Every structure is written in C-alpha cells, then in structure tokens.
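Colleague: Single-letter residue listing:
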Amino acid sequence: MKSVKDQMLLDKLADAARTGSISRRSFMSNAITAGLTASAATGLWSSSAKAAPQNGGKFRVAQHDGNTSDTHDPGTYLSYAMILLAHTFRSYLTAIGTDQNLAPDLATEWSATPDATEWTFKLNPNAKFHSGGKVTATDVIASMNHHRGENSSSAATALLASVVEIVDNGDHSVTFKLDSPNADLPWIMPDYHLPICPANADGTINWQTGDGSGPYRLVEHESGVGSRLVRFDDWHGEGAYFDEVEFIIINDPNARQTALVTGDVDACSLLENKTLGLLSRNPNIEVDNVGSASAITIPMHVDVAPFDNNDVRMALKLAIDRDELIEKVTYGAATKGNDFHHSPAMPYWPDDIEQTPYDPDKAKWHLQQAGAEGLSVSLSAAESITTGAIDMCILYAEQAKKAGININVVREPNDGYWSDVWLTKPWCLVSWGARPTPDVMYTLAYKDDAAWNETHWKNPKFNELLLQAKAELDDVKRAAMYREMAIISRDDGGAVIPYFPNFVYGRRKGVKHTGQLAASWQLDGARGASRWWFES
Amino acid sequence: MGDIAGLVGKRLGLGLIILLVISVIIFFMVELLPGDIAQAVLGQGATEENLAALRKEMGLDQPAIVRYLGWLKDAVVFDFGSSVVTQEPVTSIIGERFAKTLFLAAYAAVIAVPVSIVLGVLVALMRNSIFDRVANVLTLTSISSPEFFLGYILILYFAVKWGMFPAIASLSEGMSFVELLNRAFLPALTLVLVVVAHMMRMTRASIINLLASPYIEMARLKGAPPLKVIVRHALPNAWAPIINVVALNLAYLITGVVLVEVVFVYPGIGQALVDAVSKRDFPVVQACCLIFAATFILLNLAADVGAILTNPRLRHPK
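Protein sequences appear in the order of chains A and B.
Just so it is clear: in the first sequence, position 486 is 486 by the numbering used here, and no numbers are missing.
Just so it is clear: in the second sequence, position 215 is 215 by the numbering used here, and no numbers are missing.
Hints in this document: simulated from the structure, not taken from any laboratory.
These figures come from a predicted structure and were not determined experimentally.
Hints may contain errors.
[Unchecked claim] Facing chain B, according to a computed beta carbon distance under 10 Å, are these residues of chain A, among others:
#	residue
1	Asn67
2	Asp179
3	Ile250
[Stated by the list, open to error] With a Cα cut of at most 30 Å, we get these calculated DSS-like pairs of lysine-lysine:
#	chain 1	residue 1	chain 2	residue 2
4	A	Lys274	A	Lys458
5	A	Lys425	A	Lys364
6	A	Lys470	A	Lys402
7	A	Lys509	B	Lys161
8	A	Lys425	A	Lys458
9	A	Lys362	A	Lys458
10	B	Lys100	A	Lys58
11	B	Lys56	B	Lys10
12	A	Lys122	A	Lys58
13	A	Lys58	B	Lys73
14	A	Lys470	A	Lys447
15	A	Lys274	B	Lys73
16	A	Lys402	A	Lys362
17	A	Lys512	B	Lys161
18	A	Lys402	A	Lys364
Each residue gets a CB set at the ideal place from its N, CA and C atoms; glycine is no exception.
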C-alpha cells in the first residue's frame, strides 16, 4: 500500500526526473524509499526522465593547472590536471556521488565495528585493471601502503596516520585497523591521492605505466600537454558514455575560454569569475556554478595580542561585509561563510546557525569592551592565494573603517608564502582546498595539537566534541555535535571565514548531465568524463 | 677561406666558455629562488618526514656545489641528466618540444624574412610616400604591442569572429603537414608581426644610407631604373647589417616564444622552461637555457660569417 504522502513524493520525483534536476541514482533510492520496487522505479525513471544518457562521441576537455613535471605517482599528485585524469583512468575505494553522499566505486559496501576502529571494505568482484587482471585485496593494500611508513614520499601520509594495519580477509575484502576510532574513514578514501594501482610482487605499486581500473583507458599522455583515453568496456561502474576522452592542458584562462567559445573543446574547467556574465549569455555555452568545500580563511593567532581578546576577534568578524565581498570580488561565485570551517558542500552541514552580519556598530561595541578603540592591525596577503586576494583585503579594510578599525594590508611575495607567512604572521589570508568531511577539516587545522592549527586556538569543549564525533557512528548525534562545534567556532574561534569559493566550469550546449553535480572537485567531482554525455 | 674556418673555430671555442659561464650563473640563480622542490611537489600537505624522504630521493640533500659539479661532469659528455621532479631524462622531456619550437620558429621565419626584406626594399624605393608611412606605422604598432595582446587580437578576429583558424594550436600525432600549418598559423602570424618591423626598418635604413654614395649616383646617371638601383647596386652592400638583424630576430623566434606558446597552447620548449623554473627543476632549466644560449651564439656566428661572405672587405681587417 502506498500512502498519500508517498504518492506525492513519487509525483515530485517524476517531476524532478523530467526536468533533469535529479540523478538516476538518487531517483532510484528515493523512489524505493517511497515504496516502489526496484523494477517499478526503473520503469518510472525511464518513462519520466528528461533525457536518457546516450553513448558516443569524443569528449574534449580544456583543463587548467597542468605542468610538464606532473607524474602518475599518486603520492605526489598536486596539479588539478592530474586529479581529473586520475578520476578518469583510475578507481578509488569509494566516491562522492552527485548527491554529495558517499557512493561505491571499487568497494561495493563498507562497515565498521561498533567502536569505529576497524573498517571493512568489500571489493567489487567485477573490477578489472585495463591490463586485464582483477583488482584484488593485494592491490588495495599495496596502494595504501604507498602512502604509509616513514620512507613514504607521499603527501597523503598524514591522512592514513591512524591506520595501524590493513588486512586481506581472503574473501575479496580488506579491513583497516585503526589506533583510534574514526567514523569518517570511508570518506577519506575518495581523496585524490588514494587511487588503487596494480601491486608489484614486492608489495610496491606500479604507478609508472599508467594502468588503472577506471572508466577510461589511458592511450596517450604527455604531462603538461594533454592525454587521450578510450572507454574501458569492462569497467565495473555505471556511466562512461563517451567513446573517447581527450584532455588538453590550457593554463591560460583566456585561451581556455576561447577554446570553449570557438568549440575547439566541449568542456572547460575553471572559468574566470569576471567573464562569467559574458559566458553565460553565450547561447552555445552552459556554465555550472557549484558550491564547494574549499574555503578562504583569515586566521588570527589567538595567543597574540590583540587577537587574544575574543571581543577583538568578534569585532573583526562583525566588521566584514561578506555579501559585498562575494559580489565584488568573486562576481557572485561563492557561498557565504560564517566563521566555522564547514561548508554546505560537506556532510553534516548545520543549516540553522544564525549568520554573523555586517554590523559596524556592534563591532565598535566589542572594541569598547576590549578597550581597543581605534584598533590597528596588519593583514598579510599575496595575490596568488585566490583570485582578487589583495582587492578583497583592501575592500575588507574599507568595510572595517566604518567600525573604527584600521586594517593595514601587507602585500607579501607569492613565492614562499606558505613557508614564510602562513602559520608565522599573526593575521594572514589563506585558501584551503576542499576536504571531504568536517572531521578531516577540523582535525587538520582546528584541533589543539594540529601542526596546521593556523589560529593557535585551543578550545577544550570544541576538542572534546571533535573526539566524540570522530567515534560516533550515529549520524544524527554526529550532526548535532558538529552543529555545536560550529557555534563555538563562530563565537570564539580565531578564523574569519568570508566565503567558500564556488567551482565554476563550462560546457558546450550539447554536453548534458543530470543536473546534480558532485561538489568535491571541478567538473562534477572530477568525474564529468564518466558521468556526462552528448545529446545527439 | 682558411681565415673563415679559423674565425669559426675561434668563435666556437669562445662559445663553449660562454656556455660554461652561463651554466654557472643559471645554477646559482635557481639556487637563489626561494622555496624548494620537495615543498613545491608535495604542497601544503607535506610532513617533515615526507619532505626529507623526497629530498633524498631527488638528491637534494647534497651541497649545491657537489650537485653542480656532478651535473657538469655528465654534461661534458652530452648527458644532461634527468629531471629532478619526474626522474625522466631531460632529453626526452625537451627533445620533442624543442622540435616543435623549431617548427614554429621556422614557419614564422619563412614568412617573416622574405616579407620584411621585400617590404624594406619597397619602402626604401617609395620612401616618404604614404605607403612608406603606413607600413612603418603598422609594423611599429605591432612590434610595440606585447605578444600576448597581438595573439588575443588575432584569436578574436581569426578564430572567434571569422572562424578561419583554430584558436588553440595543440598539435597531436598523425596530423598531416597541411593540418600542422593550419593549426600553427595564428601563433606563427603573431611571431611574424613581432619581428617584421625590426628587419624591415633595418633593410630600409641601410639601403637609404647607401643611396647617397657616389656609385649609386653613378648607377642612376647611367639610367638604371630605381628598383634595379636598389636591388642590384644598393642591396648587396647593405647585407651585413640586415643579416645581423635577421639573425637576432631568428634567435628571438626561438627564445622569445614563451608568451605566444601560453596564449595559443602550443606545446613548445617555453612552457617546459616555465614549469621547470616554478618547480626549481634545475637540470631542465639548465638544458633549456643552454639551448637558448647556444642558439644566440650560433646565430650570431652565422650572421658574422654571412656578413663577411657578402662583403669581402671585412675579411681583411686593417
């Protein structure tokens, strides 16, 4: 029996499918929740879906950030071009779906012991490498060990630091044993450093040959120039509609956008915000503007005067007009921040926390409380941090003048910013790449003993909640903990977080997607090549 | 001709010493750049152990002078080592890209040199006419604009508005020669616009310079038409400065293409050099810079030899 409510839900779902605003996967799971059987749901999807994906075509993508020095070593993946390529020819244990939830990739299911110290991943029995062999537990273990141990030169060592042992269970599954509880381990697996590569006999991995188990097989690759891939027919996943994929590295934004405008490519990563308006008026181009988990932060050292006084910190948080910054610096391509480092694109995001407004009078009041009227502080920034970094700081300084605060913007050199300014100067501008979960983010930069605790903030309640949440497998309870941590961070923390920059990318009109896009990377969580299709 | 062989030998020997000095300067300039490779490769996420492990893998734990001497020892037998970052041999990184850069330079030179010399002769012939003025203003405008700006203008009209040529010049294997020419046309045209003015004006100036000479007067008096006076009588004596300027511009076509490569996404050596500098990848930087330096040395030598061959007087300095 279907209830009335369920029927309404189904109608809505069919509507969403018709307008293309829902993916097949979320449609199916929602339809089944509403009481349909899987086959009935499939029927409903195909009868109502706006456009079913079609096979065929050569998908040419212009990408930014590719270097001659890029290699296939997943431990030193750094440039965006390699990250996108990795998601196209390699596979990960888990993936971020278009509904921002964790989805299966090589692992079909995963479960933890009740104390969240052991995680078992069941591997897809159909998964194969392009060279022919099956993806086995041995490959998974070797791929993970590539990032572990003292001699590893991988940038992902810290991510797997809590892993003590990885065990092959003999039944096509692996178990990760941790030294402390971590309810988030499956969320770490889509990290771009952690693709599964074929194992060598000595326990190392073979990353050099460019073998993988992803949707496309690498045919040609020249670092800093581009790559060509063809569909891998034995892929274990769903999608890979294009016959062929070609990535072309175009680092110059103008050249990249021109290539999209002239139709030399079908899609293009990282559009410039200032040309967004013009590009979206072009009838041949669709612009995707997707909220992301990357962030701009302005961390103060809370153990250094004047930032050791919370009233000063509150004054600086109230003296920033985030709306104006988003409008004028990012041309609207950003999501407003609220001084806790947890973006709406991350799981467990608390949507009911009151926004700190731009309120110069209240900021003045806080300065009086601190006895710091006429506050004058220096803010260090470099142009390379984010587009319009210096402009943004100068605009903030203007906004803060209304609250009687004098912000002196110090322009630092781009080279060496991360070694000489960040973590060294008491107040500076920082940009953070996307992290998958609030736990990863908070542990990395807000935990009292974190090496990158960029605010030197040590709030006991916050740290206690962080540890509790890490071990909590009940999602509702975890969400409540992250909500409380967000409030503590907003009211006491040392970082001003003006906004989370959006991912902005473009495609030609004929390139279609479901309307839902993963927010973990550019181009649909770096998986556009296997999720999108050409409309014939 | 023995004196020319001697000159070439002497200049080549000198060239080697210059290359050695340049390699020292480049090495220590790369050393002076802030930041280090390990940090650049691993990014923000690196732990101290990671950095140490990677530095060791790259051989950066050795003192600078030891690394330089090690490089030099191999370089004298033409082994330019491997990239510090990717471990790939430098020759395989640079080889194909250098060939593409040479192709683009040759493409541009084949258009630019005849065009500018013919133009130079024509404007010398019609000096102070409207044609002379217009040609001068146009070529001076194009040389005064930055290459990337010229590139964008060409893209705007030839690629976006009129759709005559592709906006990006990414070459792939298996392209026919005609297709290559079509793909690389806009970058080549940009380079042509940049170098034409210099060569054309030098041709014009050196010809006009000679027009006051008695033997030109003589040619005119015997009734030779103006074009013949210039081509037959003036030009042969004007070759030396023209060849010098042509050589300088040919060198520029090879070494100055970085911006053009970026704007047109042309996979040449300039892009490799920029990437290598940002990663502090010393062997690649060194190899690129030495190629550029050798280009200058060789082309200068060729210019001098050419000048001497066209003007026998230079062979017997007083």
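Colleague: Could you run down the list of hints and mark each one as holding or not?
Modeller: We went through each hint and held it up to the structure:
1. With a cut of 10 Å, the hint placing Asn67 (chain A) at the interface with chain B holds, because the nearest CB-to-CB distance is about 5 Å.
2. Interface hint status for Asp179 (chain A): violated, as the beta-carbon distance to the closest one in chain B is roughly 17 Å, over 10 Å.
3. For Ile250 (chain A), the shortest C-beta to C-beta distance to chain B is roughly 5 Å, which falls under 10 Å, so the interface hint holds.
4. Proposed proximity of Lys274 (chain A) and Lys458 (chain A) is contradicted: the alpha carbons are some 39 Å apart, above 30 Å.
5. Distance hint between Lys425 (chain A) and Lys364 (chain A) is fulfilled; the C-alpha atoms sit about 25 Å from each other, no more than 30 Å.
6. Simply put, Lys470 (chain A) and Lys402 (chain A) have alpha-carbon atoms about 41 Å apart, too far for the 30 Å limit, and the pair is violated.
7. For the given pair, Lys509 (chain A) sits about 19 Å from Lys161 (chain B) by alpha-carbon distance, which is consistent with the 30 Å threshold.
8. Taken as a hint, the Lys425 (chain A) and Lys458 (chain A) pair is honoured in the structure, with Cα atoms around 18 Å apart against an allowance of 30 Å.
9. Taken as a hint, the Lys362 (chain A) and Lys458 (chain A) pair is honoured in the structure, with Cα atoms around 26 Å apart against an allowance of 30 Å.
10. Proposed proximity of Lys100 (chain B) and Lys58 (chain A) is supported: the alpha carbons are some 25 Å apart, at most 30 Å.
11. Straight-line distance between C-alpha atoms of Lys56 (chain B) and Lys10 (chain B) comes to about 42 Å, which puts the hinted pair past the 30 Å bound.
12. Between Lys122 (chain A) and Lys58 (chain A), the direct Cα distance comes to roughly 34 Å. Violation of the 30 Å bound is thereby established for this hinted pair.
13. As the CA atoms of Lys58 (chain A) and Lys73 (chain B) are separated by approximately 48 Å, the hinted pair breaks the 30 Å bound.
14. This hinted pair checks out: Lys470 (chain A) and Lys447 (chain A) have alpha carbons roughly 12 Å apart, not beyond 30 Å.
15. Our distance criterion of 30 Å between C-alpha atoms is broken by Lys274 (chain A) and Lys73 (chain B), whose separation comes to about 51 Å.
16. The hinted pair formed by Lys402 (chain A) and Lys362 (chain A) meets the criterion: a straight-line CA distance of about 11 Å does not exceed 30 Å.
17. Distance check on the hinted pair: Lys512 (chain A) and Lys161 (chain B) sit about 26 Å apart at the alpha-carbon level, within 30 Å; holds.
18. About 9 Å separates the Cα atoms of Lys402 (chain A) and Lys364 (chain A), which keeps this hinted pair within 30 Å; it holds.
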